[in-house]
Amino acid sequence: SQKIEQNSEALNIQEGKTATLTCNYTNYSPAYLQWYRQDPGRGPVFLLLIRENEKEKRKERLKVTFDTTLKQSLFHITASQPADSATYLCARGGSGAGSYQLTFGKGTKLSVIP
Amino acid sequence: DVKVTQSSRYLVKRTGEKVFLECVQDMDHENMFWYRQDPGLGLRLIYFSYDVKMKEKGDIPEGYSVSREKKERFSLILESASTNQTSMYLCASSLGVPPETQYFGPGTRLLVL
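Protein sequences appear in the order of chains U and V. Per our numbering, the first sequence runs over residues 1 to 114. Per our numbering, the second sequence runs over residues 115 to 227.
Keep in mind that the hints were calculated from the coordinates and are not lab data. Quantities reported herein were computed from a predicted structural model and do not represent experimental measurements. Treat the hints with care, since some could be wrong.
[Stated by the list, open to error] Some but not every residue of chain V turned toward chain U, in silico, with C-beta under 10 angstroms: (1) Gly130; (2) Phe134; (3) Arg158; (4) Phe162; (5) Glu170; (6) Pro212; (7) Gln216.
Ideal Cβ placement from N, Cα and C applies to all residues, glycine included.
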């Protein structure tokens, strides 16, 4: 089965620093990886997507990398702010034609300390 | 913007009751999903649907059923609610072509007493 692992359940970081979250996958590389943000009591919200043939993707203070050798994606938030505190989920697509599902990691809870 | 709405934010039911959770999306998405989310267990897929009247079991379908009579609406049914079905229930939809980005509703927190 295709697994997604986010090894850190929680990460505390000082305001202004760069937060780095890790997502590891098993077996073959997915065509893309997605990152979502979830606030307490709310549904996840899509943030960024990176394709297998892309090394890096940026959106404002967010950066995602995709390393097929390490089978890993890193999610960076630069100049972190208390408002960035949330749980971040990594997800991979399914395999084969007609596969509609995403497999989500359990998430990393980020706390940005003022 | 895609909007996914769920019928209730909070729900309290008794053991044995039949429970209906409704989800509506307004962007003509092909696929719809029901998840439950519990601390330490992450998002677990209950059922999904890739077309009207079509449904597929997810990872934990036992004790649940679904209905999709119209493209925009996907219902989750707990035939006989049990206390172990107390959870946060999340509905999502996706367009139906890769990369299948999912758009989630706000969630329904269900308490079964």
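### Message
For each hint given before, does the structure comply? Return the numbers of the non-compliant ones in rising order.
### Response
Violated hints (numbers, rising): 1, 2; every other hint is consistent with the structure.
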